[in-house]
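Asks: Start from the sequences and build out the full structure, keeping to the hints where you can.
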Amino acid sequence: MTNQRAVTKRRLTIIVYHVFVAIFGFIMVYPVLWMISGSLKTNVEIVSGALTLIPRYWRWDNFTTGWAGFAGVSFGTFFRNSFIISSISTIGVTLSSSFVAYSFARMRFKGRVILFTIMLSTMMIPGQVIMIPQFLIFHRLGFVNTFIPLTVPAFFGGAFFIFLIMQFMVSIPKELDEAAICDGCNKYTVFFRIIFPLLKPALITTAIIQFYWAWDNFMGPLIYLNSPRLFTVSLALRLFADTASITDYGAMFAMSTLSLVPVFVMFLFFNKHLVEGINTSGIKG
Amino acid sequence: MKADKTTDKKVQEGAERRARFSRFMNKDAVVGYIFALPFIIGFLGLMLIPMFMSLYYSFTNLTLGRIGHSWVGFANYVRMFNDARFWNSMGVTFRFVFLSVPVRMVFGLLVAYVLTRKYKGVHGYRATYYLPTLIGGSIAVALVWGQLFQRGGVVYNILEMAGIGGVHWFGSPVLALVPLILMNVWQFGAAMIIFAAGIKDIPETYIEAAAIDGANKFQIFFKVILPCLTPIILYNLVMQTIAAFMTFTQAFIITGGGPAEGTNFIALYIYNHAFSWRNMGYASAMSWILLIIVASVTGVILKTSKRWTFYTNE
Amino acid sequence: MKKILKLLVCAAIIAVMSLGLSACSSDDDDDIIHLTIAWWGSQHRHDITQEVLDLFNEQHPHIVITGEFADGTGYFNSLDTRAAASDVWDLFQLGSNYPVYIDHIVPLNEFIASGIIDISNTTQDFIDITTTHNGDIVGISNGVNAWGLAYDPAMFDAAGVPRPVPGWTWADFEHAAITIAEALGHWGMGVFTNDAITMTQFMAQMDVDFWHEDPTQLGFDDPSVMVPYFRMRQNLVMANAMPDPGDAMGITDIEGDPLVFGNSAMAYLASNQFIALANAAQALDSSRELAMTVLPTHPGGQIASDIVSSQMFSISRNSAHPEAAAEFLNFWVNNVEANEILQGERGIPIMEHVRGVLRPQATANIAETYAFIDMLGELGGGTANVLGNPRQAEVEDFLNDNIIDRLVLGMITPEEAAQEVFDFALQVVSFN
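Going down the list, the sequences are from chains A, B and C.
Taking the working numbering, the leading residue of the first sequence gets 8, the next gets one more, and so forth.
Taking the working numbering, the leading residue of the second sequence gets 5, the next gets one more, and so forth.
Taking the working numbering, the leading residue of the third sequence gets 5, the next gets one more, and so forth.
Think of the hints as simulated: they come from the structure by calculation, not from any bench.
Please note: incorrect hints may appear among the correct ones.
What the hints assert, rightly or not - With a Cα cut of at most 35 Å, we get these calculated DSBU-like pairs of lysine-lysine:
{"hint": "1", "chain 1": "A", "residue 1": "16", "chain 2": "B", "residue 2": "310"}
{"hint": "2", "chain 1": "B", "residue 1": "310", "chain 2": "A", "residue 2": "117"}
{"hint": "3", "chain 1": "A", "residue 1": "181", "chain 2": "B", "residue 2": "204"}
{"hint": "4", "chain 1": "B", "residue 1": "310", "chain 2": "A", "residue 2": "181"}
{"hint": "5", "chain 1": "A", "residue 1": "16", "chain 2": "B", "residue 2": "204"}
{"hint": "6", "chain 1": "A", "residue 1": "16", "chain 2": "B", "residue 2": "122"}
{"hint": "7", "chain 1": "B", "residue 1": "13", "chain 2": "A", "residue 2": "181"}
{"hint": "8", "chain 1": "B", "residue 1": "14", "chain 2": "A", "residue 2": "207"}
Replies: Right under this line is the structure:
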């Protein structure tokens, strides 16, 4: 009897747990769902602030009118620009950060501690401080209104990612390096043949995070890109709210929804790796 | 014969030189610096030099679009001292940071803890809770958020249905901060994931030992899990605080800093001075003060952290 | 290793591609002149301007013009960046703030003298108002307009308020707006898109200039001249006759004005914007009929508002082909076919022969703007070359986003508002 009661009680706890977590989860994603459903609603229905997630009339037109973009520049262009910038900066950050992480995690040399400390402290420098002079430098070099200011800096590593990859590298046994060196590898080939492939989970985490940072980046494109033909998706979305025409909320939500698809798809594919790649042991010192 | 010998010697010399070269190249220091090169160049070119430039410009009247600039001494800093808009921005930013960061951390920690249960579907839940963070930085979400909280928007209607009466969020400089804070809290996913990873790393034996000693779940959470997580809490606290000080996009898109500058975050105010009004010199000065403030706040957190963080190993 | 190499190659290819995208148009043919032109405006403006560029290229195959467009803020950000690098577009659109960019403008006098630009079909008045700076003609107006109010006569009638007539006062205006709000539960007045402009006009009707020809000074030295404006502004919002800051935030453009949706009875605008506003309102409800009237004035003050140039295209100093740019300017203002495409969207054309063709084609809403400008002419409105200041944007932002909000939320009194604006403006211009 008591056993039975314990089982029912346990079941009840599980049900309560699921109900509670699911409801709260629903509230969490409601704004996103509302946006997606808004992409199929009429302007009037959106502005009325209706709670319902099912559109009264299904307006697929929102996607075509939205996609058409502004004055002949369609969202095809904006998506292409975002893809170019995000991919290049993702490749850049992933490669360069793993190089630097190898140096800091595996090599023992004079100045390493200083460099490492500097790197950690760069994480704490507010972007605003260097934003203005960086802009002026790129400006003087004539790189404003090109993708260069948005991509090239990624090739110099990101402190956050260097740290993240280092934490992961610590978990790779040093014996592997030593064995490889006995087999005739040098310290360069050890990195490329042994370490780099083993870093996969950390590299994937880095790539995911950097890709969506770059994809969502708003201030960078806002400052550096002037021609609509070079706009990224996030800049283009703002045009909906800004250009002097009736704000077409339906079209805006349709394009907003589309803009989230790449990030979302990537997340679904790599969800598992995201947690795997984060190793907190280092934080604990 | 003679010629052969010299070539032999040359070959030998060459091989030796190569060997010496390769030994040199394989020194830890050389490998280390070569691999760290991207960071070193990036740090100098994209951080250090710009920072010095910025410091210099903060003492000039550099104006974008106007040719030439001149040294104005501390004029920009004096102006800042008397600039009511600057102080207001600082106030707004501090309010935002102190209200949003702790709430966000508490949510991240609680949800991470709740989702460590080994029930079915926990993975799915975690993904769901992470979703807002994944897309939250997007301009798309900011546009939607403004719409949700606008008069007659979804949140307004819900409150009205609940009998509280519609709240006109963007009609008051105090209330307008609330939707922005909520949006920040909503994105607790990054903190959650790091906490989750941290909880996963806590040795089972600790918890079992506490359970054997008769501790209940709350006691286990507060006496075992929380102390073990303090280093991660510290890390999250520092990073989230710095990020919150930099908040820009939400205010830029949703409120434009208004009403009555109630959401005019310092990042937005600096942006406007630099890029809308072209006062690069003044904006540089403000960004330096911001740097000093953020550094001090971080410093205070790190200083006091020694009293409340516990390191398990060693 | 191979994978990494592949990645690197991919990266290199993409990098080259992106560079190619941003590179300037390459000159395949030495005979072809490439020009760039930029403007701000609405989606509709982007489309029709592009059409005119195509038409020009058809008729002048040796000149290819690439257009760039943006919303107002984006446009000036971009212009400022380019100005700093002396890399301004060959032709660029400017409004009354052109003195800020005077160093980057080539005067047109020489092109007019040599006959590349033909101004025989307009009057000296029109040339003067637009665009004369110290004797130099810095541009040819894209069209003229004047500030006024659009209103819904039916709502005035429903609320039992007399319709506005030329010569009505600000007191009449305030009374009408509040009465409509009380009677119909709608706002009497929408938004003043830019309170700084409205207040400048309010002061000009009292013969006070906000700005001074000397950019380090203000045109007045007694803040109390602003108090009546601020008092009216505060009354209107507190009586729910105008949107509060939160509601005003949602109103970003003329086609989204509450008057379009029947939520307010009046809208403040430049006459060329009336077309877009009325079209938008009728798209929602074809029975709506909107009208335009002059701005209110002070008792005994000047009745008609000044006719001003809405904007112009100027030729930049760094242009390699100023003659070709001038050729386009001539086409832009004089070619009938081009102006038939534009239909006076930027304001009423200043060329007699163009107006002669467009006027008979005008729809009811466009005709209303012609009638409005005609009326101003009959009422004896002046033509004004409006003063500006390089620090204008900063002062306007302070006025619009700080002072007005605090004022209408009851956080400061009109007197405090006036003093704060005065002190702020005085301090800011001292940095010039």
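Asks: Does the alpha-carbon distance linking residue 16(A) and residue 122(B) stay inside the 35 Å limit?
Replies: This hinted pair holds, its Cα atoms lying about 17 Å apart.
Asks: Verify the proposed pairing of residue 310(B) with residue 117(A), using a straight-line Cα cut of 35 Å.
Replies: With a Cα-Cα distance of about 29 Å, the restraint between residue 310(B) and residue 117(A) holds, given a limit of 35 Å.
Asks: Within a Cα-Cα threshold of 35 Å, do residue 14(B) and residue 207(A) meet the stated pairing?
Replies: 45 Å, violated
Asks: Is residue 16(A) within 35 Å of residue 310(B), Cα to Cα?
Replies: Distance of about 43 Å is beyond 35 Å: violated.
Asks: Checking one constraint from the list: CA of residue 13(B) to CA of residue 181(A), max 35 Å. Satisfied?
Replies: 39 Å, violated
Asks: Does residue 181(A) pair with residue 204(B) here, judged by a C-alpha cut-off of 35 Å?
Replies: 24 Å, holds
Asks: Quick one, are residue 310(B) and residue 181(A) close enough, alpha carbons at most 35 Å?
Replies: 32 Å, holds
Asks: Would the pair residue 16(A) and residue 204(B) pass a check requiring their Cα atoms to be no farther apart than 35 Å?
Replies: With a Cα-Cα distance of about 26 Å, the restraint between residue 16(A) and residue 204(B) holds, given a limit of 35 Å.
Checked against the numbered hints above, the structure breaks hints 1, 7 and 8 and satisfies the rest.
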